[in-house]
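Engineer: What follows is the residue order along each chain.
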Amino acid sequence: MADPEQDHHHDHDHAEITQGEAPGYFDIMETAVRELLIERKLIRADEIRRQIEVIDSRTPALGAKVVARAWVDPSFKTRLLENGRTACEELGISFYDDTALIVLENTPCVHNLIVCTLCSCYPRPVLGLPPDWYKLKPYRARAVSEPRAVLAEFGTEIPDDVEVRVSDSTAIVRYLVLPMRPDGTDDYDEQQLADLVTRDAMIGVIPVRVEQ
Amino acid sequence: MSNTRGILQAAHFNVVLATGEAPIFKAGDRVRILLRAPIGHYRVPIYLRGKHGSIEAVIEPAAVDNEEEGFGRNAGSKRHYYRVAIPMAEIWSDYAGSPRDGLRIEIFETWLERI
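Which chain is which? The protein sequence lines are A and B, in order.
For the first sequence, the tail end lands on 212 under the UniProt record's numbering, and the numbers increase by one without skipping.
For the second sequence, the tail end lands on 115 under the UniProt record's numbering, and the numbers increase by one without skipping.
For reference, chain B alone in the conformation it holds in the complex (with noise of 0.2 Å):
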């Protein structure tokens, strides 16, 4: 988790994080999957766009963004991500099993938005 402390060390000097360096969402933080639609390969599945759930962990460290490199844009570039939860009865609404069962899935900053 050597980003997390990099960013600790950052306050302890008050230095001020450019946009991006630190992470936006932590963990419990409760956030919506966008509902977007653009043409091409993207990793968020379908079926939980637009689903809401919570922020279980940062994942660390940042990661470069699949997304834009895979159509030759900001190649490089890193985004924090992030393992969000989601009940599946908030996915499927005749889910059947336990109220309790859910899901978990990695999730890059710029497909979520807080609610």
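Okay, chain A solo, but in the shape it has when bound (with noise of 0.2 Å):
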């Protein structure tokens, strides 16, 4: 048999990997809720399984697909600023949690922010699941209250005559910016494109920019 040590390559170390503190109260609660839904037979534990399979399966190459689509077929970019989440379905991406989808698109008068102050509402069937600063009080305080300080921490400064929207996501609409197309992109094709386009592009705290 092997010895695990061996078969542990690695370049560099790096702590222990352990469960390192006592589950805190909401960790409790949940495991006590999803046992006894699971032995009241209301939900199978294959249910769970398959949602996390479900949540794994979106990223934000999903958006950026959208995203880089737009920007190659004005047709498609029409229809997905009439109503983006019948224009992402076209593309194969499911809406299962029920929610509508505006798509903001940035231009060079308008610059667009996505935040949700009452909690974590994101496009996750386009973006999966948020990063953790969108989720924390500061930036969903400030988002709303001082944008443009927020998205200069972002190494993004909006001139004075570009207006800065901010959509703050509360209920049943969620949101997607479509950023503005980078220049020098002329001859790149619709993947190259969507190489490009970050997370970060499509909650708008940052521009799309070609690597140098």
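A hint or two may mislead.
[Stated by the list, open to error] Residues from chain B that face chain A, not an exhaustive set, calculated with beta carbons under 8 Å:
#	residue
1	Ile33
2	Arg43
3	Pro45
4	Ile59
5	Ala62
6	Asn66
7	Gly70
8	Trp92
9	Gly97
10	Arg100
11	Asp101
12	Gly102
13	Ile105
[To be verified] Simulated crosslink set (DSS-like; lysine-lysine; CA at most 30 Å straight-line):
#	chain 1	residue 1	chain 2	residue 2
14	B	Lys51	A	Lys137
15	B	Lys26	B	Lys51
16	A	Lys77	B	Lys26
What the hints contain is simulated information worked out from the structure, not anything from laboratory work.
C-beta: ideal position from N, C-alpha, C; glycine also.
Reconstruct the complex from the two isolated chains, following the hints.
Structural biologist: Here is the structure:
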């Protein structure tokens, strides 16, 4: 039998992977509710596993494909801005959580930024799970009270003559920013364009840039 | 925008719509977000209550009123809701950015009054 130490090849040291702290109040409550629901046969363990697979299958790569398609196909872009959800569904991206999607187009005159001040509403069907900073109170509070300062901290300076438009996502609508297509990408194909589009650009904290 | 189309057709046939079938507000209408503080979890953030804005769009189709549904009342009943535009300077008297900066949020009809 192989020595596990020999199999564990790394070129770096790291801390031992352990569960450091005892489960907190909400961890214990989640486990208790989950076990009760399974015991009462209201849900099955494999349904939970299935839902984790659903979430894992949703990543910013989906949103990037949507953005790239909108950049190369004007009629798709029109449909996307008219109804974000049905346009994404055209590409096979299902909306399992029954939310609407409004796509916000950035232009030379308007820069859009997305936040959810109440919790962490986010276009999960098309972007996956939100980043931790999106869920933290400083981002949620400051994005609506001093959005230009928040953007500057992401390295995004918005000129005074450009309108900053913050969309607070709090009920049924989810938002996706359609960033501006960067200059110098005329000869890029759709996949090359999609490769430029990052999660943060689709939240609106940075523009899409061509790597130098 | 199927609901809007349906309402246009209803006008064509002189059909009288029941209360709640057609949206009360239209794009451009000036509104005030109600300054209510009911007990419980409500979707309109407190920092916007009492603020003035304007309707940017009716969001179609009408959606389940999750504030009622959350308390087990009228589960499944739908209400119109709107994308409301509010200037940052209206929300924050000391707002430091451009006077053109603004906020957008979706709000159910039950939280809006005409001004």
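Engineer: Among all the numbered hints in the text so far, which are the ones the structure does not match?
Structural biologist: 1, 5 and 7
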